[in-house]
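Number of protein chains: 2
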Amino acid sequence: MRPVKVPEPQERPPMTRATDQPAPERPTADLGPTVADLFPDVTSDAARRLIISAVASFAERGYHATTTRHISEGAGLSSAAMYVHFPTKEQVLFEAGKVGHEGVLAAIREAVAEHTDPRDRMRELVRAFTLWHARHHTMCRVAQYELAALSPEHHAIIAEIRRQTEHFVREEIRRGVDSGAFVVPDVTTAALAVLSMGIDVARWYLPGRSVDAEQLADRYAELAASMLRTRPRS
Amino acid sequence: MRPVKVPEPQERPPMTRATDQPAPERPTADLGPTVADLFPDVTSDAARRLIISAVASFAERGYHATTTRHISEGAGLSSAAMYVHFPTKEQVLFEAGKVGHEGVLAAIREAVAEHTDPRDRMRELVRAFTLWHARHHTMCRVAQYELAALSPEHHAIIAEIRRQTEHFVREEIRRGVDSGAFVVPDVTTAALAVLSMGIDVARWYLPGRSVDAEQLADRYAELAASMLRTRPRS
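Respectively, the protein sequence lines represent chains W and Y.
In terms of our numbering, the first sequence has 610 at position 141, counting the first letter as 1, and numbering is strictly consecutive.
In terms of our numbering, the second sequence has 550 at position 81, counting the first letter as 1, and numbering is strictly consecutive.
Next up, chain W with everything else stripped away, as it sits in the complex (with noise of 0.2 Å):
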């Protein structure tokens, strides 16, 4: 658009590069005790480790400022060894994404299964869902911040798992109050509600903060019961 390109100005001097110094309030490049069960179907453990990796620089450095050679060498290969295992930066966080929304969309349904009365079914989904953004906050910060960074195509996919969620968490809340369980002023609202606390602890949550994963959840179930203006069982 303009004619003349001007010289960009020296945007961050070395001494005081903000990304390389630590967050002050969080380890980002933590991805929680049980990364590794995130990737059952990459069966290249080269593959794995250089989604982690990414994972890592995009939660540290921003996806943009990740170089393809941070990921290889943070995966402690080769510094184009990226290229052997997938064609772009684009790729891997796409893999990244979709792991993550797969993963805690499969862990509510599970979680969910073997319970038919909707306020057991509301608690499972509840912890379920809490559980997985403390575990995986690292991964769930990236999946959900870097959404725009994905090509359109990528995107799409994704956005539809997201979907799929919320409709999910929808359903169960709808069916809730349909058999007189819950009592909501609006299903959706009421949904969003639900979504954003879970959604949440991937943004505040840190080992060794405040409570324990488990006990988060367990409260976090009870709160949702309480929003939800569950009934007594009759």
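Calculated directly from the structure, the hints in this document are not laboratory data.
Among the clues, some could well be false.
Note: identical chains are not told apart, hence a pair may lie in one copy or across any two.
[To be verified] For lysine to any residue, the following SDA-like pairs were computed, each having C-alpha atoms within a straight-line distance of at most 25 Å:
1. 567 x 664
2. 567 x 680
3. 567 x 632
4. 567 x 644
5. 567 x 675
6. 567 x 701
7. 567 x 534
8. 567 x 529
9. 567 x 699
10. 567 x 672
11. 567 x 695
Let chain W serve as the given structure and place chain Y on it in line with the hints.
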């Protein structure tokens, strides 16, 4: 660390630059209708426009991929104009984050000021908190998600404002519990849940997507009242 500098592989071919493509789900550059009201203390119109331009670019491209030229030209100024008003890009992020975090604290303090009953105060608090995050959703996303890019000194200032906000919400709930207005399993966890409901609005809110901001604020106030098991007035 490495003795030989390997050329950085091309990461984003020109035709597939993800950030040049519109985000499928939301117009990230939308700063909300009242963004100009956020800067009563920034007396220079150019400085205000620079902050607004920076927030739009941070939301669209991410902090690290935003250049000082993006910021200056987005404000309708020449490419190096940012430096007339701000020493660094990080300073603009800090000013935006400070305005955002101070603004929401001021908003909830003002909202409760005219009320004494904990039920009324909490309703107005949740209303104001929800409205803030809906109206200023782009600013809030930047303020929340780009915190790690701040210098330690600036991060500490923002973290202190956040602590005051969290403390304020927690103490409102505690007073309500002490007076018998609310019944919660744990004040700290209940405060986290109330804060998360509101903060996460900035992540998903899109004007015109589902409910309008006022309606959402009313429903969230009602849901929070249920969550805190608000007792009838004696």
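(request) Indicate which option fits the pair residue 567, residue 632 if close means a Cα-Cα distance not exceeding 25 Å: within, between, both or neither. (result) So residue 567 and residue 632 pass the 25 Å test inside one copy only (13 Å; across, 34 Å).
(request) Please work out whether the CA atoms of residue 567 and residue 672 approach to 25 Å or closer within one copy, between two copies, in both situations, or in neither? (result) Both. Shortest intra-copy (19 Å) and inter-copy (19 Å) distances satisfy the 25 Å Cα cut-off.
(request) Tell me, please, which holds for residue 567 and residue 675 at an alpha-carbon limit of 25 Å: within, between, both or neither? (result) The answer is both: 23 Å in one copy and 23 Å across copies each meet 25 Å.
(request) Could you place residue 567 and residue 534 in one of the four classes (within, between, both, neither) given a Cα distance threshold of 25 Å? (result) The answer is both: 21 Å in one copy and 24 Å across copies each meet 25 Å.
(message) Cα distance capped at 25 Å. Does residue 567 pair with residue 680 within a copy, between copies, both, or neither?
(response) neither (28 Å within a copy, 28 Å between copies)
(message) Checking an output row: residue 567 and residue 695, CA cutoff 25 Å. Within, between, both or neither?
(response) Cα proximity of residue 567 and residue 695: none, with 32 Å in one copy and 34 Å across.
(request) If the cutoff is 25 Å on CA atoms, where do residue 567 and residue 699 land: within, between, both or neither? Let me know, please. (result) neither (33 Å within a copy, 40 Å between copies)
(message) Checking an output row: residue 567 and residue 529, CA cutoff 25 Å. Within, between, both or neither?
(response) both (20 Å within a copy, 21 Å between copies)
(message) Treating 25 Å as the Cα threshold, decide for residue 567 and residue 644: within, between, both or neither.
(response) neither (28 Å within a copy, 43 Å between copies)
(request) Classify it for me, residue 567 with residue 701: is the Cα-Cα distance of at most 25 Å met within a copy, between copies, both or neither? (result) Neither. Shortest intra-copy (38 Å) and inter-copy (46 Å) distances fail the 25 Å Cα cut-off.
(request) Could you figure out if residue 567 and residue 664 sit no more than 25 Å apart (CA to CA) within one copy, between two copies, both or neither? (result) within (18 Å within a copy, 28 Å between copies)
This entry does not satisfy hints 2, 4, 6, 9 and 11, going by the numbered hints stated previously.
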